[in-house]
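Since the structure of chain V is already known, use the hints to place chain W with the ligands on it.
The chain contents come next:
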Amino acid sequence: MGEQSKVCTRCSACTRVCIATRLGVPTGASVLEREDKFTCAGCWKCAEICPQGIDIYKLMMEARRKGELPESFRMGIRNILETGYAMPMRGVNAIREMYRLPPIERVKPEVVKKLLRGVSVA
Amino acid sequence: MERLLYLGCMIYNRFPDYELSAKAVLSKLGVKLRDFHEFSCCSSTFIPSASDEWIYLAAYNLALAERQNAAIITLCGTCTSTFKRANLMLQDEKLLEKVNSRLGEVGLSYSGKVSVNHLLEVLKEKENKIKVLVRQPLKLRVALQHPCNVFRPSYVARFDDPAKPRAMREIVTLTGAEIVDYAEEYECCGSTLLLTSQALGIGAGASKLASAQRAGAEAMVVACGNCAYLFDRHKEEIKKRNPSAELPTLFITQLLGLAFGLSREELGLDIRGVELG
Ligand code: SF4
Ligand code: SF4
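For the protein sequence lines, the chains are V and W, in the order given.
Just so we're aligned: the first sequence equals residues 12 to 133 in this note's numbering.
Just so we're aligned: the second sequence equals residues 4 to 280 in this note's numbering.
Hints were generated in silico from the structure; no laboratory data involved.
One or more of the hints may lead you astray.
[Unchecked claim] For lysine-lysine, the following BS3-like pairs were computed, each having C-alpha atoms within a straight-line distance of at most 25 Å:
1. W:K35 to W:K116
2. V:K119 to V:K77
3. W:K26 to W:K129
4. W:K142 to W:K238
5. W:K97 to V:K124
6. W:K238 to V:K77
7. W:K101 to W:K31
8. W:K129 to V:K125
9. W:K167 to V:K69
10. W:K26 to W:K142
11. W:K134 to W:K167
12. V:K125 to W:K26
13. W:K129 to W:K116
14. V:K48 to V:K77
15. W:K132 to W:K142
16. W:K101 to V:K69
17. V:K119 to W:K132
18. W:K238 to V:K125
19. V:K69 to W:K35
20. W:K101 to W:K26
21. W:K35 to W:K127
22. V:K69 to W:K97
23. W:K134 to W:K35
24. V:K124 to W:K101
25. W:K97 to W:K31
26. W:K116 to W:K127
[To be verified] Pulled a few chain W residues facing chain V out of the computed Cβ check, cut under 10 Å:
27. D38
28. S84
29. G280
[As the list claims (entries may be wrong)] Derived coverage of chain W by chain V (criterion: at least 3 residues anywhere in the stretch with Cβ under 8 Å from a Cβ of chain V; other residues may be distant):
30. 94 to 103
31. 118 to 127
32. 199 to 211
33. 237 to 251
For glycine and all other residues, C-beta sits at the position ideal for the given N, C-alpha and C.
Isolated chain W, as found in the complex:
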């Protein structure tokens, strides 16, 4: 089955290099992707905080994928959880009917059955292929930021261990990069705190990056645009808060791409200006 990347506003707006590197790596792994850019916002975190109508917007995106006869691969945490939650709730036939009556007004319908997986789930399935493709085992010490909403709430995510997820470690290990243990590894990045308090968000980011740097990391590997939004887009503010909290942010597909021998240009590292070691 063909798959559509659900990019969402973080990636469109801030991190085209995540899209570029995800496409490059997934196509190497034999995942059939079709370019599709008619989706809207997934709805989170704004609409669910204001109204139960969020499910109409989530279902709209799922219905678009269904019309393309394709499954969805998400790249961020909250989009993943939002779509999975919608699918879970739409097992209720009454709700499905209600949602469909609204979708009908925009010429769509939805069965509740489009499969949604985060990038990490897809990469996990391709571990054997990844092993074969790694051409230059990386000499790099990295810290990992596990994307919360890919694993929690677990009754929605149904993937990995919600307290101490292993998927990212297992995938990154295949690149040869050394994964450092750091005290705050399983903490949330705190990016969403920026919405109501710049100071709290920056504080969370500074504390994380400093913790990773003390452990000897040379880069922070992420698998979510929202984590990158804090670590990369706010790096100056973070550095001001704590001068030793300075680490380049790498998307997991950029790390994989480097191990596959792809160029900085193919992974968008040149344009975002990511300098390693």
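Bound-form chain V, shown alone:
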């Protein structure tokens, strides 16, 4: 955490509003000390409440990028690279027809692969 641990006073204001902590995910004095950086609801109550104004979102994302991605994240990324969307899109137009919605055209995977060429889940 380097620079940031100088600023964090370990006041636990963030952990008190954290849904993951409330549900029993082991957390230290600060959500930044939680070992599992991915088990997080992304509600950013922590970032909002921190009296030190620490950009917890940014630090959390940076920490995630250094660690190993959980399989669900790898799957989401694989889907994005292959189909343009995180969720499976097969059969979407048939469902849309049921709702009387027009069919959609999906983004070309080459485009996404070009834009995200530094992202891989090999």
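This is chain W with the ligands only, laid out in the frame that chain V set:
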């Protein structure tokens, strides 16, 4: 200015009834919408967790809207925050230049200036029109799920009170529906927890719905596909966890549509099989 609905994977994949009802209600409110379905994933939450290249994919969508000379209306929380964050970061000219050089490879460019608003922001602006359109004040007790990322982080969202947002209450009140106070109203739904732990996500959903039901709610009103993904798509698992955690999920535009006198079919309630009271 014309607006494009940014639907994202949750709505394409799971909740066409949110799209259908949003279109029906927004067009009643005089919002000029154009059908546009060439967007990709907004990038969140997966790509930002893996790489700072997420901004290229976010900017790609914004650039597509710019080429259509249109603004974006989002329907989910995280898409909203992702696009707003990209716009905020792209005020930095060096980054904008870098992003544009990558966008150029796919034949696009972006100025950083496409306006992005979540549905709730648009509805807030149309309150007067909503009042006029409500034909059948609803006799329904509802609980609200405020979509976190529409309000937080506040330096990105710049909308409403990040701790206790009022927008949804103010809009839903206009329908005549009674809003119940429940202990967990301002808690996150917890849906994103499903990504790493099914048990935690289901636990969060069960706790929320039970809290709302104890307070007398007959439906949970949401304004985000991800919240609906937990409450609706996992309702069987939630019920198994806590048999008293059972509530139908309604998108805010379905509630408004009912108050406007639109039919269940026009709002997609028939196909998703939503039964009220
Ligand atoms: S609220 Fe801020 S200062 Fe307090 S423990 Fe959390 S990160 Fe540290
Ligand atoms: S964003 Fe994650 S760490 Fe922060 S309060 Fe929400 S669940 Fe906890």
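Results for each hint:
1. For the hint pairing K35 of chain W with K116 of chain W, the CA-to-CA distance comes to about 19 Å; that is within 25 Å, so the pair holds.
2. Proximity of K119 of chain V to K77 of chain V is assessed by CA-CA distance (about 29 Å); at most 25 Å being required, the pair is judged violated.
3. A hinted pair counts as satisfied when its Cα atoms are at most 25 Å apart, and K26 of chain W with K129 of chain W qualifies at roughly 15 Å.
4. For the hint pairing K142 of chain W with K238 of chain W, the CA-to-CA distance comes to about 24 Å; that is within 25 Å, so the pair holds.
5. For the hint pairing K97 of chain W with K124 of chain V, the CA-to-CA distance comes to about 23 Å; that is within 25 Å, so the pair holds.
6. With a C-alpha separation of about 35 Å, the suggested pairing of K238 of chain W with K77 of chain V is violated against the 25 Å cut-off.
7. About 41 Å separates the Cα atoms of K101 of chain W and K31 of chain W, which puts this hinted pair outside 25 Å; it is violated.
8. For the hint pairing K129 of chain W with K125 of chain V, the CA-to-CA distance comes to about 40 Å; that exceeds 25 Å, so the pair is violated.
9. Distance restraint check for K167 of chain W and K69 of chain V: the Cα-Cα separation of roughly 23 Å lies within the 25 Å cut-off, and the hinted pair is therefore satisfied.
10. For the given pair, K26 of chain W sits about 24 Å from K142 of chain W by alpha-carbon distance, which is consistent with the 25 Å threshold.
11. Taken as a hint, the K134 of chain W and K167 of chain W pair is honoured in the structure, with Cα atoms around 24 Å apart against an allowance of 25 Å.
12. Simply put, K125 of chain V and K26 of chain W have alpha-carbon atoms about 32 Å apart, too far for the 25 Å limit, and the pair is violated.
13. The suggested pairing of K129 of chain W with K116 of chain W holds, with an alpha-carbon distance near 23 Å, which does not exceed 25 Å.
14. Between the alpha carbons of K48 of chain V and K77 of chain V the distance comes to roughly 10 Å, so the proposed pair stays at or under 25 Å and holds.
15. A threshold of 25 Å between alpha carbons decides the hint, and for K132 of chain W with K142 of chain W the separation of about 21 Å falls inside it, so the pair holds.
16. Taking the CA atoms of K101 of chain W and K69 of chain V, the gap is about 20 Å. The hint holds against a cut of 25 Å.
17. Between the alpha carbons of K119 of chain V and K132 of chain W the distance comes to roughly 40 Å, so the proposed pair goes past 25 Å and is violated.
18. For the hint pairing K238 of chain W with K125 of chain V, the CA-to-CA distance comes to about 39 Å; that exceeds 25 Å, so the pair is violated.
19. Between K69 of chain V and K35 of chain W the alpha-carbon distance is near 36 Å, which puts this suggested pair outside the 25 Å criterion.
20. Proposed proximity of K101 of chain W and K26 of chain W is contradicted: the alpha carbons are some 36 Å apart, above 25 Å.
21. Pair hint K35 of chain W plus K127 of chain W holds up; C-alpha atoms about 16 Å apart against a cutoff of 25 Å.
22. About 19 Å separates the Cα atoms of K69 of chain V and K97 of chain W, which keeps this hinted pair within 25 Å; it holds.
23. Between K134 of chain W and K35 of chain W, the direct Cα distance comes to roughly 19 Å. Compliance with the 25 Å bound is thereby established for this hinted pair.
24. Of the pairs offered as hints, the one joining K124 of chain V and K101 of chain W holds, with about 17 Å between alpha carbons and a cut-off of 25 Å not exceeded.
25. Taken as a hint, the K97 of chain W and K31 of chain W pair is broken in the structure, with Cα atoms around 42 Å apart against an allowance of 25 Å.
26. For the hint linking K116 of chain W to K127 of chain W, the alpha-carbon distance of about 22 Å falls within 25 Å, and the restraint holds.
27. At a threshold of 10 Å, the smallest CB-CB gap from D38 of chain W to chain V is about 6 Å, leaving the interface hint in force.
28. Because the smallest distance between the Cβ of S84 of chain W and any Cβ of chain V comes to about 8 Å, under 10 Å, the interface hint for this residue holds.
29. For G280 of chain W, the suggested interface contact is broken, since its CB lies about 23 Å from the closest CB of chain V, more than 10 Å.
30. Given a C-beta distance limit of less than 8 Å, the hint that chain V covers the region 94 to 103 of chain W is violated, as 0 residues qualify and 3 are needed.
31. With a threshold of 8 Å between beta carbons, the proposed coverage of the region 118 to 127 of chain W by chain V is violated, since 0 of its residues qualify and at least three are required.
32. Counting residues of the region 199 to 211 of chain W whose C-beta sits closer than 8 Å to any C-beta of chain V gives 5, which meets the bar of three, so the coverage hint holds.
33. Figure legend: the region 237 to 251 of chain W, annotated as covered by chain V; annotation inconsistent (0 residues with Cβ-Cβ distances under 8 Å, at least 3 required).
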